[in-house]
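Student: Letter by letter, the chains look like this.
There are 2 protein chains.
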Amino acid sequence: MDAGSDDRMIIGFDGDDTLWHNENVLWSAEQKFHDVLLHYLPAEELSHRLYETEMRNLSLFGYGAKGFVLSMIETAIDVTDGRIAVADIQKLVGFLKDIVAHPLHLIGEAARVVETLSQSNRLILISKGELFHQENKIASSGLAKFFSGIEIVSEKDQGVYQRILTRHTIRPDNFVMVGNSLRSDIDPVLKLGAHAIHIPYEITWRHEHLSPIEGEAPRYFLRETIAEVPQTVSAIEGLPRTGD
Amino acid sequence: MDAGSDDRMIIGFDGDDTLWHNENVLWSAEQKFHDVLLHYLPAEELSHRLYETEMRNLSLFGYGAKGFVLSMIETAIDVTDGRIAVADIQKLVGFLKDIVAHPLHLIGEAARVVETLSQSNRLILISKGELFHQENKIASSGLAKFFSGIEIVSEKDQGVYQRILTRHTIRPDNFVMVGNSLRSDIDPVLKLGAHAIHIPYEITWRHEHLSPIEGEAPRYFLRETIAEVPQTVSAIEGLPRTGD
Numbered sequence: 001m002d003a004g005s006d007d008r009m010i011i012g013f014d015g016d017d018t019l020w021h022n023e024n025v026l027w028s029a030e031q032k033f034h035d036v037l038l039h040y041l042p043a044e045e046l047s048h049r050l051y052e053t054e055m056r057n058l059s060l061f062g063y064g065a066k067g068f069v070l071s072m073i074e075t076a077i078d079v080t081d082g083r084i085a086v087a088d089i090q091k092l093v094g095f096l097k098d099i100v101a102h103p104l105h106l107i108g109e110a111a112r113v114v115e116t117l118s119q120s121n122r123l124i125l126i127s128k129g130e131l132f133h134q135e136n137k138i139a140s141s142g143l144a145k146f147f148s149g150i151e152i153v154s155e156k157d158q159g160v161y162q163r164i165l166t167r168h169t170i171r172p173d174n175f176v177m178v179g180n181s182l183r184s185d186i187d188p189v190l191k192l193g194a195h196a197i198h199i200p201y202e203i204t205w206r207h208e209h210l211s212p213i214e215g216e217a218p219r220y221f222l223r224e225t226i227a228e229v230p231q232t233v234s235a236i237e238g239l240p241r242t243g244d
Numbered sequence: 001m002d003a004g005s006d007d008r009m010i011i012g013f014d015g016d017d018t019l020w021h022n023e024n025v026l027w028s029a030e031q032k033f034h035d036v037l038l039h040y041l042p043a044e045e046l047s048h049r050l051y052e053t054e055m056r057n058l059s060l061f062g063y064g065a066k067g068f069v070l071s072m073i074e075t076a077i078d079v080t081d082g083r084i085a086v087a088d089i090q091k092l093v094g095f096l097k098d099i100v101a102h103p104l105h106l107i108g109e110a111a112r113v114v115e116t117l118s119q120s121n122r123l124i125l126i127s128k129g130e131l132f133h134q135e136n137k138i139a140s141s142g143l144a145k146f147f148s149g150i151e152i153v154s155e156k157d158q159g160v161y162q163r164i165l166t167r168h169t170i171r172p173d174n175f176v177m178v179g180n181s182l183r184s185d186i187d188p189v190l191k192l193g194a195h196a197i198h199i200p201y202e203i204t205w206r207h208e209h210l211s212p213i214e215g216e217a218p219r220y221f222l223r224e225t226i227a228e229v230p231q232t233v234s235a236i237e238g239l240p241r242t243g244d
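As given, the protein sequences belong to chains F and X, one line each in that order.
Mapping to our numbering: the first sequence position 197 is 197, numbers consecutive.
Mapping to our numbering: the second sequence position 226 is 226, numbers consecutive.
Everything labelled a hint here was simulated from the structure, so no lab data went into it.
Errors might be hidden in some of the hints.
Put simply, identical chains are the same to the list, so a pair is met inside one copy or across any two.
Derived DSS-like pairs (lysine-lysine); straight-line CA-CA distance at most 27 Å [stated by the list, open to error]:
no., residue 1, residue 2
1, LYS97, LYS191
2, LYS32, LYS145
3, LYS191, LYS32
4, LYS97, LYS32
5, LYS191, LYS91
6, LYS32, LYS91
7, LYS91, LYS145
With the sequences and hints as input, model every part of the structure.
Tutor: Written as structure tokens, this is what we have:
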């Protein structure tokens, strides 16, 4: 089958940990959080308590750096029974400023891949998190001009992807999502009948963990780097599709 | 001139302090912040220092309740030279939870007005703040179904309104924005050539202050309550317009 322009896949790209590094910045803040509190609890226990606080606060704060550090402050007070020094709390607020002011670094060949694909396919950036922080990261990335749509969402579940596809009048079998998170980028789009290219990041936040998908799952493509995306998209465009 | 369906104005509504109460919830948190710190500084000075911190942090945190309370924590440590009790910092984190969990209260006849107008006009909700918190408020308001578009933005300036009008293919002279803030709802849309209905809220955050607009400014309508919006929109629809 020859892939004419109407057969071109519309490609959704995740931002954090797919196009640019993010989790390593949060990971590094968490290491500094450990350093502050190591004489109270071992690192592993601190991570565990912080994660519990984050999960408890998720329905109040949503995702994002501010909620992460507010949960750090709460955990720090909690695990020290209020004995933490005020100067240490001030350090935690400083970690937040380090995170949001951290210079953005694109991952591998993200820039080249996005620019090249934008010449042949419609691209949509679908990122999850805090509006203000995501907008800043997108602006810093210099990639905004290659996307015909930019969607910043507070959650990435099946309903959210369905609304995005509807708003952009995209058929699921004509859509492929590229992302690092099984939970947020891969699983919900596969359930909608779309394709997914999964590129794991070096670190996965515990919350985004999901049992690995079998290599043989239909419409699921596991790749090591973003450089492999153009070839994978071409392969998908060559597959027989509904309506053919 | 008879206002046929094509002559109907498209109406933008602000959310916070236009459709539902917001500033009073933040105001009340700030009073509690004063209570915590009154033995260090008088209330007026505390408000001043908090506002300075907020403005300094705006380019890092953006608008919203989490940034507000993070600035509270920073100010509290600052004005007490680190002598604030950890238990008091814990209280400040608690204020944030009170804010985000606060039940939403619609203002006056907001529900009736929005429902009625939605039967004759296209309505767009344009709210500024944190995505997650704004989405929760919009859901709680029960008003989402009356809007043909919902735009949550991190800033409300001329460029942002221009992009919204372009995306929805709305001519400025066919658009009227209803809101409480001169800075965010009124001034930028007037500059674009659109109409604006200004309904001041009982409290205005200092940052949103702007010199009052003269009663005679073209396309500017100052009203006391949201109940006056339908009649004002009808009056605007009866005005001669570009293209007539």
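Student: Which numbered hints turn out to be false for this structure?
Tutor: 1, 2, 3, 5, 7
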